[in-house]
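Colleague: These are the residues of each chain, in order.
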Amino acid sequence: MSIRIAPPSANGAAEAAARFATTAPADVHYAVVDTPVGRVVAARTERGLARLAYEDFNGGTDRIVEQLADRISPRILKGEAKLDDVRRELDEYFSGARTAFDLPLDFSYVKGAFGRRILEACSTIPFGEVSTYGAMAVQAGSARAVRAAGNALGANPIPIVVPCHRVLRAGGGFGGYTGGIERKKTLLALEGVLR
Amino acid sequence: MIAFQRFLDEQRDVVWRFSVASVGRQEADDVFQETFLAAMSAYPRLRAGSNLQAWVLTIAHRKALDHFRARKRRPDLPGDVPEQAIHDDAPADDELWAQVRELPAKQRAAITLRYAADLDYASIGKALGTSADAARRSAHEGLKKLRQEATA
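Line by line, the protein sequences give chains A and B.
Note that my numbering has the first sequence beginning at 75, numbered continuously upward.
Note that my numbering has the second sequence beginning at 22, numbered continuously upward.
Rather than coming from a laboratory, the hints here were simulated on the basis of the structure.
Please read these numbers as outputs of a predicted model, since none were measured by experiment.
Even for Gly, the Cβ is constructed at its ideal location relative to N, Cα and C.
A couple of the hints might just be wrong.
Computed footprint of chain A on chain B; a stretch qualifies when at least three of its residues, placed anywhere within it, have a C-beta under 8 Å from a C-beta of chain A [to be verified]: (1) 49-55; (2) 60-73; (3) 150-157.
Computed list of chain A residues with no C-beta within reach of chain B, every gap over 12 Å [stated by the list, open to error]: (4) Ala95; (5) Asp159; (6) Ala171; (7) Arg172; (8) Leu179; (9) Phe188; (10) Val204; (11) Ala209; (12) Ala217; (13) Asn225; (14) Gly246.
Simulated restraints, written as ranges between beta carbons of each label pair [as the list claims (entries may be wrong)]: (15) B/Thr172 with A/Ser83: 25 to 31 Å; (16) B/Asn72 with A/Lys259: 48 to 54 Å; (17) A/Ala244 with B/Asp30: 44 to 50 Å; (18) B/Ala91 with A/Thr97: 18 to 24 Å.
With the hints as extra help, turn the sequences into a complete structure.
Modeller: Shown next as structure tokens:
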């Protein structure tokens with residue numbers, strides 16, 4: 075007599091994987107967050123928020139996650155609860171209840187010291203105010219590096235929280251935005267800069 | 022190196038099937054969690070281009086072996102003899118795997134890696150520290166024994 079030897083059913087595998095993802099000590103945790111300006115992928119390390127990527131402008135969640143794996147650590151897991159404070163502060167910001175974020179930040183996604191200095195300079199622009207690419211370059215210690223400042227802000231890995239939407243051209247032009255110019259206008263309108 | 026979440030998504034079913042077959046549904050989660058914890062710890066040192074499925078199953082095989090040994094040392098715990106493993110609500114296939122667990126270690130491991138986890142004999146040989154041919158022989162001997170029991 076022959077024996078039929080089939081693998082056990084995979085029932086329970088998805089739940090086991092979910093249990094693992096919520097308890098395992100990953101280097102990076104991420105979650106997809108809905109905002110009034112679209113879906114963003116938020117990622118944090120133990121140091122702080124490292125990425126807030128507009129899903130549509132970055133090739134989708136899978137691509138964003140693979141880039142985090144390459145740039146920060148491959149030990150990355152989905153962890154909805156680990157991003158609860160980020161979700162809450164974003165909700166408060168978009169509902170008008172919050173004008174400054176209290177989230178610790180991790181700039182390890184950024185390559186180069188100049189890029190980090192530009193993002194740190196940008197972080198000091200208050201809610202409802204605007205600055206220029208030139209002013210950012212000066213604040214980062216290289217007055218002539220206006221174009222490099224623009225590039226660094228265009229590559230801002232944590233938009234909204236690091237408010238690169240508050241940086242405009244010296245002549246008053248909008249400049250670019252990592253999530254598209256319409257989003258920049260929406261954020262400036264939310265902050266009362268645009269009417 | 023692919024993100025660990027994707028690795029988990031891609032390998033979870035095969036590791037789960039292997040865990041259920043190796044130690045039964047009751048304790049499968051322990052083997053599953055220990056396997057992926059160990060995998061995550063070693064993950065950054067893994068060579069690019071490695072066969073991820075063979076790698077994670079080699080880890081799972083060791084974790085299952087640990088469980089087997091721990092259980093042998095605690096004879097007071099309910100054993101995994103077929104009479105007790107057969108529950109009315111358990112899938113029919115689980116009964117056969119309970120019989121596989123009664124086989125000698127090499128036969129048990131070879132059959133489980135081959136038929137629960139769908140690993141090829143070359144990879145099974147590596148996981149067991151033996152040759153592909155030896156792994157194939159172990160599986161065939163085990164199958165023969167199961168057949169004899171079925172007709173006995």
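Colleague: Provide an ascending list of the numbers of those earlier hints which the structure does not satisfy.
Modeller: 3 and 4
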